[in-house]
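Engineer: Residue-level listing of the chains:
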Amino acid sequence: MQTSTINKTAKVPKLEKAQTNGAPKKRLEILKTYKIYIGGKFPRTESGRYYIAENGDKEKLANVCLSSRKDFREAVVAARSAFGDWGSRAAFNRGQILYRIAEMLEGRKAQFIDELIKQDTTKEEAENEVLLSIDRLIYYAGWCDKFQQLYSSVNPVASSHFNFSTPEPTGVVSIIAPQASSLLGLVSVIAPVIAGGNTCIVLASFTKPLCAVTFAEVLNSSDVPGGVVNILTGKVAELASYFADHMDVNALVFCENDADTQKMMQEKASLNIKRVVLYNKINWLTENGQSPYFIMDTQEIKTTWHPIENIGGAKAGY
Amino acid sequence: MWRGAGGEGEILMATKNNTLKLKFDSARKYAPAPESKSAAKINPRYDLFINGKFEKPLSKKYFDTINPANEEKLSEVADANAADVDRAVKAARNAYENVWKKMPPKERGKYLFRIARMVQERARELAIIETLDGGKPIRESRDFDIPVVANHFFYYAGWADKLEYAFPNRNAQPLGVAGQIIPWNFPLLMAAWKIAPALATGNTVVLKPAETTSLTALKLAEIIQEADLPPGVVNIITGAGATGAAIVNHPDINKIAFTGSTEVGKIIQRAIAGTNKKATLELGGKAANIIFDDAPIDQAVEGVINGIFFNQGHVCCAGSRLYVQESVFKEVVRKLKDRLETLIVGDPMDKNTDIGAINSKQQLNQINKYLKIGQKEGAEMYQSSCDLPSKGFFCRPTIFTNVAQSNRISQEEIFGPVLAIQSFRTDDEVIEKANNTPYGLSAGVWTDKGSKIFNMTTKLRAGVVWANTFNQFDPTSPFGGYKESGYGREGGLHGLSAYVKLGGIV
Numbered sequence: 000m001q002t003s004t005i006n007k008t009a010k011v012p013k014l015e016k017a018q019t020n021g022a023p024k025k026r027l028e029i030l031k032t033y034k035i036y037i038g039g040k041f042p043r044t045e046s047g048r049y050y051i052a053e054n055g056d057k058e059k060l061a062n063v064c065l066s067s068r069k070d071f072r073e074a075v076v077a078a079r080s081a082f083g084d085w086g087s088r089a090a091f092n093r094g095q096i097l098y099r100i101a102e103m104l105e106g107r108k109a110q111f112i113d114e115l116i117k118q119d120t121t122k123e124e125a126e127n128e129v130l131l132s133i134d135r136l137i138y139y140a141g142w143c144d145k146f147q148q149l150y151s152s153v154n155p156v157a158s159s160h161f162n163f164s165t166p167e168p169t170g171v172v173s174i175i176a177p178q179a180s181s182l183l184g185l186v187s188v189i190a191p192v193i194a195g196g197n198t199c200i201v202l203a204s205f206t207k208p209l210c211a212v213t214f215a216e217v218l219n220s221s222d223v224p225g226g227v228v229n230i231l232t233g234k235v236a237e238l239a240s241y242f243a244d245h246m247d248v249n250a251l252v253f254c255e256n257d258a259d260t261q262k263m264m265q266e267k268a269s270l271n272i273k274r275v276v277l278y279n280k281i282n283w284l285t286e287n288g289q290s291p292y293f294i295m296d297t298q299e300i301k302t303t304w305h306p307i308e309n310i311g312g313a314k315a316g317y
Numbered sequence: 000m001w002r003g004a005g006g007e008g009e010i011l012m013a014t015k016n017n018t019l020k021l022k023f024d025s026a027r028k029y030a031p032a033p034e035s036k037s038a039a040k041i042n043p044r045y046d047l048f049i050n051g052k053f054e055k056p057l058s059k060k061y062f063d064t065i066n067p068a069n070e071e072k073l074s075e076v077a078d079a080n081a082a083d084v085d086r087a088v089k090a091a092r093n094a095y096e097n098v099w100k101k102m103p104p105k106e107r108g109k110y111l112f113r114i115a116r117m118v119q120e121r122a123r124e125l126a127i128i129e130t131l132d133g134g135k136p137i138r139e140s141r142d143f144d145i146p147v148v149a150n151h152f153f154y155y156a157g158w159a160d161k162l163e164y165a166f167p168n169r170n171a172q173p174l175g176v177a178g179q180i181i182p183w184n185f186p187l188l189m190a191a192w193k194i195a196p197a198l199a200t201g202n203t204v205v206l207k208p209a210e211t212t213s214l215t216a217l218k219l220a221e222i223i224q225e226a227d228l229p230p231g232v233v234n235i236i237t238g239a240g241a242t243g244a245a246i247v248n249h250p251d252i253n254k255i256a257f258t259g260s261t262e263v264g265k266i267i268q269r270a271i272a273g274t275n276k277k278a279t280l281e282l283g284g285k286a287a288n289i290i291f292d293d294a295p296i297d298q299a300v301e302g303v304i305n306g307i308f309f310n311q312g313h314v315c316c317a318g319s320r321l322y323v324q325e326s327v328f329k330e331v332v333r334k335l336k337d338r339l340e341t342l343i344v345g346d347p348m349d350k351n352t353d354i355g356a357i358n359s360k361q362q363l364n365q366i367n368k369y370l371k372i373g374q375k376e377g378a379e380m381y382q383s384s385c386d387l388p389s390k391g392f393f394c395r396p397t398i399f400t401n402v403a404q405s406n407r408i409s410q411e412e413i414f415g416p417v418l419a420i421q422s423f424r425t426d427d428e429v430i431e432k433a434n435n436t437p438y439g440l441s442a443g444v445w446t447d448k449g450s451k452i453f454n455m456t457t458k459l460r461a462g463v464v465w466a467n468t469f470n471q472f473d474p475t476s477p478f479g480g481y482k483e484s485g486y487g488r489e490g491g492l493h494g495l496s497a498y499v500k501l502g503g504i505v
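Heads up: the protein sequence lines correspond to chains X and E, in order.
Heads up: the first sequence begins at 0 in numbering that gives the first Met the number 0, then just goes up one per residue.
Heads up: the second sequence begins at 0 in numbering that gives the first Met the number 0, then just goes up one per residue.
Bound conformation, chain E alone (with noise of 0.2 Å):
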């Protein structure tokens, strides 16, 4: 700096700090890479899923499906009533006492194999479509949605005939018929994290997808139809928020599993009250990603990234909160907004596309709204300089500096990748502002000293804590909040507890 500003200077600080900025913006230029939408058959209409046939829907009415990337029409699908739905819960209450409960449980644990190696096959369609209706990177459908789909039907499929070993002292029984209400962020992994362990320990399905993401789901009816899954095991059925409320209040339901958010949560809740229904309930999350300052920084830095930016912050365990210890905040800060600069923001097909589309124009309406709220309480806006495609739903990476505890946009979940910085001292003062949330459901910490991580760890109150990483998630590891971010777990050995009643000691 004492040779004075200039390109000269800025290549000594560079150095003394270790660490130069890459520069993106001239030399690499990436040549478009799309995906071809050909390898993947998208009907022009889609009927109901129900009794192991596509039925006509009773209300005779059909919606249209987009691509949030161009707005153009993919298909249309049908909206389902509440005869629909009871269409649909009597074919799985049917299936389920003449036919899923009675099967050998190993029987049942080989249809859920099957269905898998089908999604596996049919991996690079379901990835296609996966992108085209939801507006999600097709590198993050290919090689994570639809891997871990199959991944989990295939964990859940060899529990089916062990379920002795999983309840020490109790013998474990279906509930019966699962209602299943899903959501738009990763459609067709909730839709296999909700079907296979409710298969697996002996219960029938009537699922519902989001109403802006319902093509993949009906691809796997497809699947299940292919695999001779007995009628009326897993029925799917469409439709918006009316059909979701028509399965939680059908009186032949067993159990509400639920993933959205908090505040539709609670309406949930609220509405089985009084029922026997069983409820898991994945809500909402305002993650505390937490970097101190003996981190491995531009690990860190990536993490973060990855934490808020995977898949357009459309995630319920987005790092959306990042603390960062005030010796190495200025440093964080640099290094967040170069790695921004390099973020690909665009065609959801091209396999180069960091950031795709927000999945429809009303939530892309939510994050602008909470962008100017942010800027209204004085906190300072970050975004990216990228260029956004003329048409579709496309939002900015943007980060937020100089933010309060108490602002809403360190308070409210976003869903869009739109992250929050704050800087902290003290580790007892990091842990109470990474509490201090009605959520609950995920954290993030970046140190490399391992007795802080676990001093860290068993401290924040939240269902999944990351240590040195982010974002990560395993059939085998099971995923669910504290507080208002839901109860119940899915994945792993404690994801079966949401699908059995426990009979008297064995």
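So that you can see chain X by itself, here it is in the shape it has in the complex (with noise of 0.2 Å):
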């Protein structure tokens, strides 16, 4: 292998190199394209841009999509058509679908423990990291049908009618993931808006973008449908913008503590009322970074009402 290319298997046995008649002695290697998840499918940025992931010590882990402008918007396009089905399911599908991730991410455990030893993370760390992100899976799989009788109510009105609340999705929901986490910050971080039955455009860390990619790989065998998640990799500073304008989608979720960019979103989600959520006081390793309450940071209470006739019966006390 030639130092200029790729090395996808740093700090990893490396291929063997010896040559026997020009030949490699053991079989190439076959190197994975990380590419973006735009509506179930697999494409590469539209714009043809790409940029090098490298770790810490400089080795090359992959060609990453740049990703652009256009692939954001296809994205949103992606996730309102599966929103109308997605939002609709029975929370108990969605729980369903939610636990099969998290086996599918069980299943493939030494895959993304690799990509995070080759982003910088201790074995030790990565493990952690791979296990907390599947029992966060597990946990919101949970949470599916749960959190609606938590925070829902039958409003005891003085007028003879039937009155109840309940949450409902807000809709297309666009997310920045928190840039120094891989895969734990992404997976905590979408987790909860599909749990609520949004569906969402997420861009994965800019430095350790190679278990977003792999995870949506693993969302791909989930039945997730397509469009529920849409996973681009990319630049924040050129992203953030459209992400926080575009006036189809319905919320904004940025994990940064970086105070500039997060007025320039917030000025932006003012152009459609966009809900804006801010995470950037919360340590993902730990059990702040799950409850029900992210949950429903991205949902709608809806209050529905209905007359109780009253007829016939009343007297009746018994």
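Quick caveat, the hints were computed from the structure, so don't treat them as lab data.
In this text the structure is predicted, and so the values were computed from the model without any measurement.
Every residue gets a Cβ at the ideal spot worked out from N, C-alpha and C, and that includes glycine.
Warning: the hint list may mix true and false statements.
[Stated by the list, open to error] Sample of chain E residues at the chain X side, in silico, Cβ under 7 Å:
(1) Y29
(2) A32
(3) G273
(4) V463
(5) V464
(6) G491
[Unchecked claim] Computed Cβ-Cβ distance ranges for the label pairs, DEER-style:
(7) K101/E <-> K40/X: 35 to 45 Å
(8) N170/E <-> K262/X: 20 to 30 Å
(9) S80/X <-> A82/E: 52 to 62 Å
(10) G273/E <-> R68/X: 35 to 45 Å
(11) F112/E <-> T121/X: 33 to 43 Å
Both chains come to you apart, so use the hints to assemble them.
Structural biologist: Here it is in structure tokens:
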């Protein structure tokens, strides 16, 4: 392998380089192409641009798509068209599918641990992060058909009406995933959004993008309908304003502690009264990184009224 | 019809449809039944209510507030400038840090109970002033606005010492000083919606009523004074847009609660970007009211009338778009027109009046602009033939037929007694049409079939959905919008969230 090519096996045993008659002694490893995930498909960015993900040792890990505004817009179209179905599915079914994601992730633990190690995580930390990510999905799988009960109410109105309030998904959510985390941050912000029936477009960590693309493959094989989760790779500075000003996005999640970008995104969000959710003080590795309140951050409360007829039987007190 | 046109034929046709047109114009003239102005005391001038006292404005300016039904001056109120706002915020901050957040929650609640009772005691006076200052029929301010104001204070009073039950596994803490800006359509009711939950959760308040309807909020200030609420917990300052902007931009405010137009809501959301201010926005609406062919038509017609003509149509959740299933379209439109003729438009102080005065000259111009736009776009306008008073701001109840989905009268909020009617054939079609709007505050469905009701109510993207009823409100029932109708809820358990931050796991 030439030093100029991408070393996708950094920190793990390297390909045997001994040559016999000009051919490798062992079979040549198949390198993975890291693409983006839109509408259940894996296209390259329409822009044709890429960047090279490196680790701390400046080892090249992959050519990664540098997604464009148009990729984002296509992802919004995919998310919007998936919302009708996903948002109205039985909560039980969404729970099943989130559980299925966890199952698929469990089965591919080794691959994620490898990728985390390549991206400068110690083996122990990598194992911990993957296990926590699986458990986090299980946690939200369980909430899918319960948070509504916790946050609903039947309201004792003074008039003769049956009146109740329930949470419903906000719609299409744009998410800029925690940039310091490759997998756990990503899973922690996606899971509550889709558990509540929203669809989303997620911008992965710029410096640690590998797990996001592999997680898209997990989603793709987990009965998650295409378009429910769309994952882009690229630069926050380039894409953040589009995540905030798109008129068909209903809510926005931003996790960085960057006051200027926060302000810019909140300003642009006002164009269509987007709900802005900031998670800049959350340690995703702890218990504080999961909560049904995170689900409620991208929910609306709907109140329904219906008259109650008052004839007959009113006097029967038994 | 085969007997030919004329009276006999009409009766026959009416019998066939099992409906008779009621003739109100001849036998049923109502004698005037005006409420008495003398039951209310209005001062010639009002100052700003800051730190428990009425203070002269630093701006030294006052502006007139008039009765929109006869354009006569009722009083003049102070025009608070940025320095006045700062004074009010300082008073609120001081009260928050030193008194209110330290007060045992049950004591906070008792103040709210006390205010609720005093509102009930002075209900008649408040209703009269609400009608004089805002133009809404006395029947509505007497039977709806003021009772619900008192109920709202009662409801949230009881929450003050029970917050640990409202937020499972979390410790709810007040936010601090809330800046609250309210509209002119339900002046005192909006003040109650804002103040009651804020105080129950331990916040203090700087509230600004709309410039055309300041008087009942100032009356509430008198009640608050009389109730011995600690000074500075509620501050009520009057003024127009500039005063509101000074509240929004004040650096020592922790929370903005705004009810008003989507346009201003967007400006506020932008203005507070990059600050830590929390916000709830209750903005505009363009509600769809949907009648299926199996609906009880007479009830539905009444519901549509109430949905769009309640409070002169100055209602953010007004049912301003009517969708009628094709097979009953003609019948519904005919009955609406008949019912329109029976509506009594005129003196808001008359207890018989159904539709009072438009709140301001400016709003009347806005409505008239849309009447022209609607006709220009090719829609067919029908108005009640009623006489309008020669003075004051009035508008005939109006319906438009032959409306296209793209017409401005079916896309934009008019905020007046103007209904745009369209027909539809299938459920899917009407769901798509109803949701085809940037707004999402409310919606209505009329059908006799329960399963269809719940299909519709779950698919309509709106915060409040009325099935076989419309424009119902209650302190226990959360109210607020989807999409560009704003965020956050007011009323009910969910209304508490708007005024707390959730501390760590209990």
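Engineer: So, for every hint listed, does it hold in this structure?
Structural biologist: Hint check:
no., hint, result
1, Y29, "27 Å, violated"
2, A32, "25 Å, violated"
3, G273, "3 Å, holds"
4, V463, "5 Å, holds"
5, V464, "5 Å, holds"
6, G491, "6 Å, holds"
7, K101/E <-> K40/X: 35 to 45 Å, "59 Å, violated"
8, N170/E <-> K262/X: 20 to 30 Å, "29 Å, holds"
9, S80/X <-> A82/E: 52 to 62 Å, "53 Å, holds"
10, G273/E <-> R68/X: 35 to 45 Å, "23 Å, violated"
11, F112/E <-> T121/X: 33 to 43 Å, "60 Å, violated"
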